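Let's have the full structure, built from the sequences with the hints guiding it.
These protein sequences, in sequence, are chains A and B.
Quick note on this note's numbering: the first sequence kicks off at 1 and runs consecutively.
Quick note on this note's numbering: the second sequence kicks off at 1001 and runs consecutively.
By construction, these hints were calculated from the structure, which means they are not laboratory data.
Just so we're clear, the structure is a prediction, and the values are computed from it rather than from any experiment.
A portion of the hints provided could be inaccurate.
[Claimed, not checked] A few chain A positions that, by computed beta-carbon distances, are all more than 10 Å from chain B: (1) Arg45; (2) Glu82; (3) Pro100.
[Said to hold, decoys possible] Calculated pairs, DSSO-like style, for lysine-lysine (alpha carbon to alpha carbon, straight line, at most 27 Å): (4) A/Lys127 <-> B/Lys1120; (5) A/Lys91 <-> B/Lys1020; (6) A/Lys53 <-> B/Lys1038; (7) A/Lys120 <-> B/Lys1016; (8) B/Lys1375 <-> A/Lys91; (9) A/Lys2 <-> A/Lys38; (10) B/Lys1020 <-> A/Lys78; (11) A/Lys71 <-> A/Lys91; (12) B/Lys1381 <-> A/Lys49; (13) A/Lys71 <-> A/Lys86; (14) A/Lys85 <-> A/Lys52; (15) A/Lys127 <-> B/Lys1020; (16) A/Lys49 <-> A/Lys20; (17) B/Lys1495 <-> A/Lys71; (18) B/Lys1199 <-> B/Lys1116; (19) B/Lys1503 <-> B/Lys1450; (20) B/Lys1025 <-> A/Lys53; (21) B/Lys1471 <-> B/Lys1381; (22) B/Lys1087 <-> A/Lys120; (23) B/Lys1495 <-> B/Lys1375; (24) B/Lys1202 <-> B/Lys1419; (25) B/Lys1495 <-> B/Lys1406; (26) A/Lys52 <-> A/Lys86; (27) A/Lys52 <-> B/Lys1087; (28) B/Lys1003 <-> A/Lys131; (29) B/Lys1025 <-> A/Lys127; (30) B/Lys1025 <-> A/Lys52; (31) B/Lys1116 <-> B/Lys1185.
[As the list claims (entries may be wrong)] Derived Cβ-Cβ restraints for the label pairs, each shown as a range: (32) B/Gln1320 <-> A/Tyr54: 47 to 55 Å; (33) A/Leu119 <-> B/Arg1277: 39 to 47 Å; (34) A/Thr129 <-> B/Tyr1327: 47 to 55 Å; (35) A/Ala44 <-> B/Ala1047: 32 to 40 Å.
Glycine included, every Cβ here is placed at the ideal spot set by N, Cα and C.
Now for the letters of each chain:
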Amino acid sequence: MKTNTKHYAIALYQALKETKASENQTILENFVNLLAEKHILSQARQIIKDFKKYYNQQEGLIEVTVSSAEKISTAEEKQIAEEIKKTTHLKAEITNEVDPELIGGLKLEFADLVVDGSLKNSLNNLKTTLKS
Amino acid sequence: MDKNQIVENLTAQIKKFENKVSVQKVGSVFEVGDGIAKISGLSDVMAGEILDFGDGVMGVALNLEEDFIGAMVLGETQKITEGATVKSTGRILEVPVGQAVVGRVVNPLGVAIDGKGDIKADKFYPVEKIAPRVITRKGVNTPLQTGIKAIDSMIPIGRGQRELIIGDRQTGKTALAIDTIINQKGQGVTCIYVAIGQKESKIAQIVAELTQRGAMDYTTIVLAGASDPAPLLYIAPFAGCAMGEYFMDQGQDVLVVYDDLSKHAVAYREVSLLLRRPPGREAYPGDIFYLHSRLLERSARLNEDYGGGSLTALPIIETQAGDISAYIPTNVISITDGQIFLESDLFYQGVRPAMNTGLSVSRVGSAAQIKAMKKVAGKLKLDMAQYRELAAFAQFGSDLDESTRKQIHRGMRLTEILKQGQYAPLPVEQEVVILYTAINGYLDDVPVEKIKDFETGLLEYFTGQAQEVLKLIATQKEITEEIENKIKQALDSYKQTLDYLIKAEEPAK
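Right under this line is the structure:
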């Protein structure tokens, strides 16, 4: 089987896991050297992407993007993380994006799901109901 | 409606409105071009599901791979950008069906393109559907009259049959199908004409012709033009079939014309190659046979327990230089219940419809002929076959023995009488009378070049003075001795009015 970027990502993850945290620096350096040797440094971006995905999968993490009209507070962030833990059993890593166009409410994006509870979406729904 | 009522209605609607948080699966476009999009995400999409690219552009998921989804885009790909979000809809591709589409020109997605307003259908049928199972089916036993003498007599088509029309370009394949549609007027058959990769000017012409002859009242045209992207061409026949299936399920009879499946195969090859499916012979994908067989299997004659409806298919295939042993023609020939083979040589000789009676067959249709037609068709087939054997000797003229000369003589008149103009389909009883005349030697003393006039006069006579004979054939559907005598009488008295007959002493031409 051909080696693809995913294999590199998994190998890197295992190498990092098996060694102590203090050696991480050397392992990363070795890894970059390996990529250079195999002439696939151009694919580094994809490998990083795959590594992130694999890491999250292994560690039970999930990346969540929360869009809101105004910046959300730490308490709110915590609450969202708890809710997500309830449904997905994964620990949420939240990034907050401010999008004034939403007017109010929240829009969560994680995995390939979009949960839209923003005021903008509600107004759009109202518009389509009234139109029909 | 007055103002207060409008306000009240709106208030009621607003009160009823539930503010729901929407949960949606999304993916993002990784790569797009040539009518194909590669999408990441959308983990639990179904094969064949409709995807929403936004801006009213839809797509269909075709390839489900480990990390990506290969989808064909139904419409313009220019508006789709890399990284754009794609929503799944949870619906399989479907088209509007029912009376609302009859008399309309629609695209393969069921959107009206004739400028007569939106199609308001309350029923939708999936484009891809499993063909009726064996338990629901019944043998073909009712004729579908094409109104063309040569076909109704020698290559009869029954309701629920699949009869291929095959021939080179410019041999009258479409004309044959259009004549058949025109002849369904008052027969209770709903017609669907699917144009795949046709010039839109040609379709405009067809629509005008059908409208003028009152055939658009029961006809739907599904148009995927030459300028439409390949995915639309690919789904067009399936969409047309779905529209027909609705009427079949209602217990009605349907005729679907697929014009033509060679362009359909080319469109599917394009989609498949862009989706990186492995190419096979002539670069067609491995499932090109299944593509056409699953489409044509959907034509059926249902039994009474399932409504008794039928769906007749007339697929058309264009050959290159008369080569019917190419890949797609052989595939479709083996799927269908017979073929009508049109030849350009015959066409240029003036034999129109340019049907090669030797290579054309109908494998099930003869069970569906009315008795009167069966009676005349048997002799006609035999005479024509003998004539084909001997036609090569025709040039030796007087060197031939008496019986051979007689055969050739008869064959020439039969060939002449089987010629028929475009847009001139005939009712079955008139066909029977004309063919009866021909096979019983009534034409033997008519000069070959006068046969056209003889036929016109004959029809005038039978629709005028002797119309009761036609009525009898139409109601009894067979030639009883009584009817036969009446035909003979009418023929004799008609022939007395003619002045161009060859006298018995003169040598026959």
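Margin query: Tell me the hint numbers this structure goes against, listed in increasing order.
Written below: When the structure is compared with the hints, numbers 8, 12 and 17 turn out to be violated.
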